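Enquirer: The primary structure of each chain is shown beneath.
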Amino acid sequence: MSWFLKPETQPEKILVMLLAILLFALVMALVLLVVDRPRLPKWVPATGYLGPAVLLITFGLLWPGMLTIKASFFDRLNRDFVGLENYIYIFTDQGFLIVLGNTVLWVVLVPLVATALGLIYAVLVDRTRAEKLAKTLIFLPMAISMVGAGIIWKFMYEYKPKGVNQIGLLNQVVVWLGGEPQQWLLNPPLNTFMLIVVMIWIQAGFAMTVLSAAIKAIPDEIIEAAKVDGVTGTKLFFWVTIPSVRPAIIVVLTTIAMATLKAFDIVYTMTGGNFNTSVVANEFYFQSFVQGGPQIGAALATLLFIMITPIIVYNLRQMRISEGER
Amino acid sequence: MSLDTRVETPRKLTRKEQRQVDAKTRLSSPAASFIAVLVAIFWTIPTAGLFITSFRPQLDIRRTGWWTVFVDPSFTLDNYAKTLQANNLANSFFNSFIITIPAVLIPIMLALLAAYAFAWIDFKGRNFLFAFVFALQVVPIQVTLIPLLTQYVNWGLANTFWTVWLSHTIFALPLAIYLLHNFMKEIPRSLIEAARVDGAGHVRVFFQVLMPLLVPAIASFAIFQFLWVWNDLLVALTFAPVEYAPITRVVADLSGSFGSQWHLLSSAAFISMFVPMIVFLSLQRYFVRGLLAGGVKG
Chain A
1 MSWFLKPETQ
11 PEKILVMLLA
21 ILLFALVMAL
31 VLLVVDRPRL
41 PKWVPATGYL
51 GPAVLLITFG
61 LLWPGMLTIK
71 ASFFDRLNRD
81 FVGLENYIYI
91 FTDQGFLIVL
101 GNTVLWVVLV
111 PLVATALGLI
121 YAVLVDRTRA
131 EKLAKTLIFL
141 PMAISMVGAG
151 IIWKFMYEYK
161 PKGVNQIGLL
171 NQVVVWLGGE
181 PQQWLLNPPL
191 NTFMLIVVMI
201 WIQAGFAMTV
211 LSAAIKAIPD
221 EIIEAAKVDG
231 VTGTKLFFWV
241 TIPSVRPAII
251 VVLTTIAMAT
261 LKAFDIVYTM
271 TGGNFNTSVV
281 ANEFYFQSFV
291 QGGPQIGAAL
301 ATLLFIMITP
311 IIVYNLRQMR
321 ISEGER
Chain B
1 MSLDTRVETP
11 RKLTRKEQRQ
21 VDAKTRLSSP
31 AASFIAVLVA
41 IFWTIPTAGL
51 FITSFRPQLD
61 IRRTGWWTVF
71 VDPSFTLDNY
81 AKTLQANNLA
91 NSFFNSFIIT
101 IPAVLIPIML
111 ALLAAYAFAW
121 IDFKGRNFLF
131 AFVFALQVVP
141 IQVTLIPLLT
151 QYVNWGLANT
161 FWTVWLSHTI
171 FALPLAIYLL
181 HNFMKEIPRS
191 LIEAARVDGA
201 GHVRVFFQVL
211 MPLLVPAIAS
221 FAIFQFLWVW
231 NDLLVALTFA
241 PVEYAPITRV
251 VADLSGSFGS
261 QWHLLSSAAF
271 ISMFVPMIVF
281 LSLQRYFVRG
291 LLAGGVKG
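These protein sequence lines are chains A and B, in that order.
To convert, note that position 193 of the first sequence is 193 in the numbering used here; the numbers rise steadily by one, no gaps.
To convert, note that position 25 of the second sequence is 25 in the numbering used here; the numbers rise steadily by one, no gaps.
Simulated from the structure, these hints should not be mistaken for laboratory data.
Quantities reported herein were computed from a predicted structural model and do not represent experimental measurements.
Incorrect hints may have been included.
[Stated by the list, open to error] Partial pick of chain A residues on the chain B-facing surface, computed with a CB cut under 7 Å:
#1 Leu19
#2 Ala20
#3 Val34
#4 Ile57
#5 Leu97
#6 Pro219
#7 Gly273
[What the hints assert, rightly or not] Straight-line alpha carbon distances no greater than 25 Å define the calculated PhoX-like cross-link-like pairs of lysine-lysine that follow:
#8 A:Lys42 with B:Lys185
#9 B:Lys124 with A:Lys42
#10 A:Lys132 with A:Lys216
#11 A:Lys216 with A:Lys227
#12 B:Lys124 with B:Lys82
#13 A:Lys235 with A:Lys216
Positions of the beta carbon are idealized from the N, C-alpha and C atoms, including for glycine.
The whole structure should be built from the sequences, with the hints applied where relevant.
Expert: In structure tokens, the structure reads:
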């Protein structure tokens with residue numbers, strides 16, 4: 001039976017994979033067979049259909065979430081209650097204050113810049129000849145893993161000393177302009193901004209896609225009326241387009257903010273959190289699995305949760321409001 | 001989401017109409033087009049640069065910038081050959097498929113069942129339960145990792161593919177249920193009722209009436225989940241042992257250990273990226289559709 005848990009060869013792996021899929025398909029079939037009889041009370045099929053999913057969610061999200069929040073109030077061994085000690089440590093330690101500061105920078109800059117760029121770009125390419133291609137180009141980074149994006153940009157930022165041929169484009173441009181090549185990823189606080197650029201590069205495509213759809217949904221009459229009043233160009237953009245897509249803008253802003261808070265791959269791949277570039281999501285991983293500070297990791301994860309909750313609540317309310325308008 | 005979930009298919013306009021439409025909405029000026037082109041170039045260059053680099057000979061990469069290929073072209077496939085031989089990359093590429101396929105299919109199966117119940121069975125507590133499932137999208141997966149890992153260890157499942165599949169399934173469920181529920185709700189009630197009047201049970205309604213209509217919805221979730229799982233690093237780092245590590249993790253490790261061996265790093269990155277890129281480019285339509293229906297996951 002060991003291959004079932006620990007397949008070694010590739011055929012074994014494929015076999016186990018197929019078995020896993022089959023297993024769940026069987027569960028599904030079984031549920032369907034058992035509960036699909038006429039004249040059963042309604043709760044029977046409802047329980048059958050919802051059971052597997054709700055069980056998994058409770059076991060895998062709700063329960064662990066509660067355990068982690070609890071662990072954040074306990075000591076390293078998860079034995080003695082320490083109150084807010086872990087949080088106090090995070091909010092007073094010099095290193096952690098930098099981490100928190102960086103996180104704030106990320107969560108403010110990435111949504112704002114990515115959304116602004118996405119919006120402007122969506123307006124610029126709207127109904128042009130090459131619209132589809134233009135959108136795909138901006139959108140493509142969304143298909144790339146953050147690890148891949150990290151490597152792509154690390155290469156952009158690559159540094160060679162002065163006098164040697166540069167192989168990173170950014171430093172080459174600096175040299176072409178007569179400047180000195182920089183260690184973009186080593187010097188704080190500049191390096192954090194360089195990492196933020198990568199996340200903006202990834203997220204702008206998302207903003208552009210959603211906002212482009214919103215722009216296309218603006219009724220022609222509104223544009224027409226504005227035209228009659230002599231509103232054109234930039235004014236049209238600020239007075240008509242932006243107010244019309246405001247709900248979509250908020251949804252995009254909040255969604256990107258949430259994605260940004262949770263993202264750790266970029267920092268992990270590009271600097272490993274060194275040189276004062278760490279953010280909460282990265283520090284969580286480091287504390288929990290590398291450093292051996294699970295209680296601090298738990299507190300950091302709880303902090304993430306606390307930061308995300310108001311954003312998602314606002315996001316949902318916004319969605320509901322705009323759905324009501326529809 | 002607030003937006004129309006259908007991908008717009010504008011009716012064909014005559015050229016004259018089209019020009020009128022263009023004129024009234026666009027910030028029409030050469031400057032605008034120029035900016036758009038500039039942004040597009042800026043967005044493409046980083047990827048293109050590394051892509052070109054991955055085909056350049058090792059020495060050239062170290063000595064000159066990739067932009068010099070335009071005056072002095074020389075290409076090779078050596079980097080790819082080397083990367084695939086060394087570093088266990090081929091194996092991790094294979095692992096990525098082993099991890100991703102069930103992690104896409106299983107949540108779809110479970111979520112279809114649940115979404116059906118939420119959309120078409122009236123039972124007590126339905127709204128409450130739906131809100132519960134929906135609200136759990138808030139939970140960042142970081143919060144769950146350590147307790148989950150402890151549980152897997154207790155069950156003797158740690159360091160297997162099973163924990164990776166299970167974890168991805170769990171993390172996908174709230175979004176999957178929410179998305180599929182939204183799509184299912186759009187199907188006219190009369191269709192379902194007609195089938196029920198004909199004596200069809202839930203199973204027949206599900207497979208004969210709903211499934212054909214749901215294919216696009218399932219496709220859009222599948223693409224999301226595929227990209228998410230394939231590109232995931234955190235779940236892989238936490239639950240997958242080294243011998244089952246997917247390619248993102250191996251590439252991330254390379255980035256740490258190989259610092260500036262760009263001939264290996266560039267080719268490794270592109271081996272990891274080409275599958276999601278193909279999926280994305282060929283199924284972009286469904287991806288956008290899912291995005292506009294609220295399919296966003298973190």
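Enquirer: Does each hint hold? Answer for all of them.
Expert: The hints, checked one at a time:
1. Hint status for Leu19 of chain A: violated, given a least beta-carbon distance of 9 Å to chain B, over 7 Å.
2. Using the Cβ-Cβ criterion of 7 Å, the hint placing Ala20 of chain A at the interface with chain B is satisfied: the shortest such distance is roughly 5 Å.
3. Residue-level restraint check for Val34 of chain A is violated (minimum Cβ-Cβ distance to chain B is 11 Å; threshold 7 Å).
4. The beta carbon of Ile57 of chain A comes within 5 Å of a beta carbon in chain B, closer than 7 Å, and the hint placing it at the interface holds.
5. Interface restraint check for Leu97 of chain A: the shortest CB-CB distance to chain B comes to about 20 Å, outside 7 Å, so the restraint is violated.
6. The interface hint given for Pro219 of chain A is violated, since its Cβ lies 12 Å from the closest Cβ of chain B, which is over the 7 Å cut-off.
7. Interface hint at Gly273 of chain A: violated, since its Cβ lies 11 Å from the closest Cβ of chain B, which is beyond the 7 Å cut-off.
8. In summary, the hint linking Lys42 of chain A to Lys185 of chain B is supported, as the alpha carbons are separated by about 19 Å, within the 25 Å threshold.
9. Proposed proximity of Lys124 of chain B and Lys42 of chain A is supported: the alpha carbons are some 9 Å apart, at most 25 Å.
10. For the hint linking Lys132 of chain A to Lys216 of chain A, the alpha-carbon distance of about 14 Å falls within 25 Å, and the restraint holds.
11. For the hint linking Lys216 of chain A to Lys227 of chain A, the alpha-carbon distance of about 17 Å falls within 25 Å, and the restraint holds.
12. About 61 Å separates the Cα atoms of Lys124 of chain B and Lys82 of chain B, which puts this hinted pair outside 25 Å; it is violated.
13. About 18 Å separates the Cα atoms of Lys235 of chain A and Lys216 of chain A, which keeps this hinted pair within 25 Å; it holds.
Hints 1, 3, 5, 6, 7 and 12 from the list above are not met by this structure, while the remaining hints are.
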